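Residues per chain are reported as follows:
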Amino acid sequence: MKRELKRTGVFTRRALLLAAGQLGALGVLATRLYQVQVIDGARYATLAKTNRISERLMAAPRGRLLDRFGVTLAGNRSNWRALLVAEQTENVDGTLDNFARLVPLADHERVRIGREVRRHRRFIPVVVRDFLDWEDMARIEVNAPDLPGILIDVGTTREYPFDSILAHVIGYVAPPNEEDVVEDPMLALPGLRIGRAGVEKYYDLTLRGRAGVAQLEVNSVGRVVRELDRQEGVQGQDIGLTIDSELQKSVLARLGDESASAVVMDCRNGEVLAMATNPSFDPSLFNSGVSQAQWIEWTSNRRAPLINKAAAGLYAPGSTFKMVVALAGLAAHAITQTERLNCPGYLDIGDTRFHCWSKGGHGLLDLRGALKNSCDVFFYEVARRTGMDNIAAMANRFGLGVKLDIELPGVRQGLVPTREWRMAQGKAWNIGDTIVHGIGQGFLQLTPLSLAVMAARLATGRAVQPHLTRTIGNVLQPGTRPEDWPSLDLPERDLRAVRDGMWQVVNEPGGTASIARLTLAGVQLAGKTGSTQVRRVTREQREHGFKSEDLPWEFRPHALFIAFAPYDVPRYALSVVVEHGNAGAATAGPVARDIMTDALTIDPVGRREPPQRVAESITPGAPGRDGSR
Amino acid sequence: MSLLERRLIRETSFGLAGKLWRISWTYVLLLCALAGVGYAALYSAGGGSSEPYASHHILRFAFGLVLMLSIALVDIRFIARLSWPAYAVSVTLLVLVLHMGHVGKGAQRWIDLAGMQWQPSEMMKIALVMALASWFHKASWERMGNPLFLVPPALAVAVPVVLIVKEPNLGTAVIVAAVGAAVFLAAGIRWWKVGLTAAVIGLVAPIAYGHLHDYQRARIITFLSPESDPLGTGYNIIQSKIALGSGGMWGQGFLQGTQGNLNFLPEKQTDFIFTMLGEEFGFVGGLAVLGLLALIVLGAMGIALRCRHQYGRLLALGIGMNFFMYVFVNVAMVMGAIPVGGVPLPLVSHGGSAMIMVMVGFGLLMSVHVHRDVEFGEGRDNP
Numbered sequence: 121m122k123r124e125l126k127r128t129g130v131f132t133r134r135a136l137l138l139a140a141g142q143l144g145a146l147g148v149l150a151t152r153l154y155q156v157q158v159i160d161g162a163r164y165a166t167l168a169k170t171n172r173i174s175e176r177l178m179a180a181p182r183g184r185l186l187d188r189f190g191v192t193l194a195g196n197r198s199n200w201r202a203l204l205v206a207e208q209t210e211n212v213d214g215t216l217d218n219f220a221r222l223v224p225l226a227d228h229e230r231v232r233i234g235r236e237v238r239r240h241r242r243f244i245p246v247v248v249r250d251f252l253d254w255e256d257m258a259r260i261e262v263n264a265p266d267l268p269g270i271l272i273d274v275g276t277t278r279e280y281p282f283d284s285i286l287a288h289v290i291g292y293v294a295p296p297n298e299e300d301v302v303e304d305p306m307l308a309l310p311g312l313r314i315g316r317a318g319v320e321k322y323y324d325l326t327l328r329g330r331a332g333v334a335q336l337e338v339n340s341v342g343r344v345v346r347e348l349d350r351q352e353g354v355q356g357q358d359i360g361l362t363i364d365s366e367l368q369k370s371v372l373a374r375l376g377d378e379s380a381s382a383v384v385m386d387c388r389n390g391e392v393l394a395m396a397t398n399p400s401f402d403p404s405l406f407n408s409g410v411s412q413a414q415w416i417e418w419t420s421n422r423r424a425p426l427i428n429k430a431a432a433g434l435y436a437p438g439s440t441f442k443m444v445v446a447l448a449g450l451a452a453h454a455i456t457q458t459e460r461l462n463c464p465g466y467l468d469i470g471d472t473r474f475h476c477w478s479k480g481g482h483g484l485l486d487l488r489g490a491l492k493n494s495c496d497v498f499f500y501e502v503a504r505r506t507g508m509d510n511i512a513a514m515a516n517r518f519g520l521g522v523k524l525d526i527e528l529p530g531v532r533q534g535l536v537p538t539r540e541w542r543m544a545q546g547k548a549w550n551i552g553d554t555i556v557h558g559i560g561q562g563f564l565q566l567t568p569l570s571l572a573v574m575a576a577r578l579a580t581g582r583a584v585q586p587h588l589t590r591t592i593g594n595v596l597q598p599g600t601r602p603e604d605w606p607s608l609d610l611p612e613r614d615l616r617a618v619r620d621g622m623w624q625v626v627n628e629p630g631g632t633a634s635i636a637r638l639t640l641a642g643v644q645l646a647g648k649t650g651s652t653q654v655r656r657v658t659r660e661q662r663e664h665g666f667k668s669e670d671l672p673w674e675f676r677p678h679a680l681f682i683a684f685a686p687y688d689v690p691r692y693a694l695s696v697v698v699e700h701g702n703a704g705a706a707t708a709g710p711v712a713r714d715i716m717t718d719a720l721t722i723d724p725v726g727r728r729e730p731p732q733r734v735a736e737s738i739t740p741g742a743p744g745r746d747g748s749r
Numbered sequence: 010m011s012l013l014e015r016r017l018i019r020e021t022s023f024g025l026a027g028k029l030w031r032i033s034w035t036y037v038l039l040l041c042a043l044a045g046v047g048y049a050a051l052y053s054a055g056g057g058s059s060e061p062y063a064s065h066h067i068l069r070f071a072f073g074l075v076l077m078l079s080i081a082l083v084d085i086r087f088i089a090r091l092s093w094p095a096y097a098v099s100v101t102l103l104v105l106v107l108h109m110g111h112v113g114k115g116a117q118r119w120i121d122l123a124g125m126q127w128q129p130s131e132m133m134k135i136a137l138v139m140a141l142a143s144w145f146h147k148a149s150w151e152r153m154g155n156p157l158f159l160v161p162p163a164l165a166v167a168v169p170v171v172l173i174v175k176e177p178n179l180g181t182a183v184i185v186a187a188v189g190a191a192v193f194l195a196a197g198i199r200w201w202k203v204g205l206t207a208a209v210i211g212l213v214a215p216i217a218y219g220h221l222h223d224y225q226r227a228r229i230i231t232f233l234s235p236e237s238d239p240l241g242t243g244y245n246i247i248q249s250k251i252a253l254g255s256g257g258m259w260g261q262g263f264l265q266g267t268q269g270n271l272n273f274l275p276e277k278q279t280d281f282i283f284t285m286l287g288e289e290f291g292f293v294g295g296l297a298v299l300g301l302l303a304l305i306v307l308g309a310m311g312i313a314l315r316c317r318h319q320y321g322r323l324l325a326l327g328i329g330m331n332f333f334m335y336v337f338v339n340v341a342m343v344m345g346a347i348p349v350g351g352v353p354l355p356l357v358s359h360g361g362s363a364m365i366m367v368m369v370g371f372g373l374l375m376s377v378h379v380h381r382d383v384e385f386g387e388g389r390d391n392p
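Just so you know, the protein sequences line up as chains A and B, in that order. Be aware that the first sequence starts at 121, since it is given in the numbering used here, and climbs by one per residue. Be aware that the second sequence starts at 10, since it is given in the numbering used here, and climbs by one per residue.
With the rest of the complex left out, here is chain A:
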């Protein structure tokens, strides 16, 4: 029994020791639990929240731009690409290292990816590599386990089938900057672009649509458990332009190598059929960021390829302004249609002598004859009698110096001066100023677009506005019918006199622009030349037999031409400006004639009716409202 008691005693002591140890160990666990749950609790609770909810944006496809016959001018090409979601990998650099072993990444690409990863929230995917081919994709997919955070998806890239031919009208898209992303978080999605110029910019919101947002509850591996909330996005709408890509192509070709621009409009409703600027640029270069060298080349080029000269180039209209002066004079009863004025080759006002372009003078001329010969002295006198404010008011009625409702950013209004404008500058308006404005010089600054509008309004007597949009999301926009536009409220006989003068310019022997006569049977063109000095011609130069061809390029006068045709039933109006092209008749005239010949031959307005609704569309769910108004 003694031995038994000894054994039991040992057991009891040791069992109690073990029990104490067990209790102590559980106490340590309780302490540790207090540490994790209560002392560090707040920190872990924050971690828990970020673990849980993820917002996912669903990009809307950008709407296409189509020409009046449905030809794609700006479309979307699918683009297989590798994306990186920083949230899904702990080691961005490690993942990229592994990726670069499969598909080489240049250093500057690594820099760009690193920048974008830092800039965006961590669940936003960043493009690692665009335009993967099948082989690359296979390599990436096979090695997916080594590439946490990398995923392959198909996005879209903007594509411009006509590249430089329509660059100034269509504009271009470029990566958004940080302020853009603040405004519309969708732009943070990989590969999304924002319209930066042209129609792409003007209609950016319409084309872009709105991203859908899904608030997702995600689990630890980023897999979606359920959707907490969803706002459907709005798809970008297709926009049908008034442009005829075929005519546009030939117009640009007609401009040749000149630094020039031309606008062709349907003069009955203001639809812009072609708007060409030369030289041009490749708009897709902006898609992924323009290189420094390319940018310097563009901006240092004195022919300014990036500027839409048709809508933002400013030129003195020269003699193309004389129709406005004539109509202002007729309206102010400063002159009649038949009154003849004598041109001795100059006009003296006070002690200043104003010269006619014809040294010997034109003799007696009526209004039609003055237009036909583009006599300066005649219009000096008309301007003197009419006064600048009347001329400016008439110019404004023809769309000159006023804001035009065209769907382009950066369109310049130009300047038609008034006495008030001059006084606001603190200067007095002199009679001499009025005289020079009679022949379209002085302070006048107009765009080729506004000159085309002037030609269209002269031809139809209607206040058509130039516009580029026919349909938005398959819905026909107002303004396609002539009746949509108000009359200019000018006496028809005044207009007819001016048109007659323009007809004589081209079609009568001795007209200043016989060279611009159409060779098409039964169709006649009415037009007007213009040459505007870039630099004042001094008396000395004039006396020494001055020739503008001898000047350096940038000091030569600009050559202008405006026209409409057919003369009897006007359909097309155009303006052509050749920078530093010397004489309007010799340089711009033939270009205008050829463009008008193309317009009449291709005949985008009369040849076939553009479809009321654009046939096929990438936005099948676009609103189906009634198209006509």
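Treat the hints as calculated values from the structure; they're not laboratory data. Incorrect hints may appear among the rest.
Using 30 Å as the maximum straight-line C-alpha spacing, the simulated DSBU-like pairs for lysine-lysine come out as follows [stated by the list, open to error]: (1) B:147 - A:126; (2) B:202 - B:147; (3) A:547 - A:523; (4) A:321 - A:523; (5) B:202 - A:126; (6) A:321 - A:369.
The model shown is predicted, which means the values in this text are computed figures rather than measured ones.
Place chain B on chain A using the hints.
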């Protein structure tokens, strides 16, 4: 024959009613409470539904309870005779599982039997305690001083430990070794031998580390610095800590735990069930569960101390130690205090065979309690 001995003899044959009367119903109630905690946790882990975990859990517990009470009525002396056969069967199964068991989560631990998957290592833990208790049953204090007497039981511990390490299942191997050590200690092994063994383990451990599987090494490294590889092996621990921490003092509320329900929490219905509880019921709830577990551990120790024969004492102590080791390893693991090892929280975690074996253990414990006063070869040495 003393009075005491006469009473012992008288009480060797009490009837069924007497046995039922001797069952510690308080202890049974504690076990039911723990299973109830498990039901609540699994209901939440099932996303607020008794499917797929909670209803199975409670059915299994009911089965286990019947099994436990049945075993409690079996005479402890009969059980003692089964000790070595049970040990032999367990070792055989361990060998079998190494050759034909199927692999789950990178380890051969499971074997199909009677429509269920069994981990022989679970059975081994109990069989080892039975075998050791049987060996030391008649060993006097003096006999415990004989080193040769200790060699066979030491081998009895070493064989299953090595087999389980080979599965590989480091966590369970450590538990088996610890339980064996506790029985040795309680049986009266001399302290200097305990010190010597500890010193040997201290020297051998670094060498053994070289023979560990990569994943086992990774776990140990992760344990030392969990933030070093948050998406790899450290992921579980970090997510578990995030979930526990977001529980705070009072918890997110029942079914309101976001981390567990969104599967940020790995294996929430098995190994990390305590985290689930901690997130939803906070520190207060976690402490309550720990308190309940402590009562069960100490209750087993109390049964051991109340027992009048060495076999029962050692068996009860071993089973209590086994339960404690389960609890300690699991809870310490989810709090990031020790390396992760596939050790469930008994009676709370989802899992079939583990719960059955735990209940078998408690059945043995209760049999010890029912038969605490029977005459069972007291005071005589082995021949």
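Hint by hint, here is what the structure shows:
Pair hint residue 147 of chain B plus residue 126 of chain A holds up; C-alpha atoms about 13 Å apart against a cutoff of 30 Å. Restraint check: the Cα-Cα separation between residue 202 of chain B and residue 147 of chain B comes to about 20 Å, which is no more than 30 Å; the hinted pair holds. With a C-alpha separation of about 25 Å, the suggested pairing of residue 547 of chain A with residue 523 of chain A holds against the 30 Å cut-off. Of the supplied pair hints, the one linking residue 321 of chain A and residue 523 of chain A holds, its CA atoms being roughly 18 Å apart against a limit of 30 Å.
Proposed proximity of residue 202 of chain B and residue 126 of chain A is supported: the alpha carbons are some 19 Å apart, at most 30 Å. Of the pairs offered as hints, the one joining residue 321 of chain A and residue 369 of chain A holds, with about 22 Å between alpha carbons and a cut-off of 30 Å not exceeded.
Violated hints: none; the structure is consistent with every hint.
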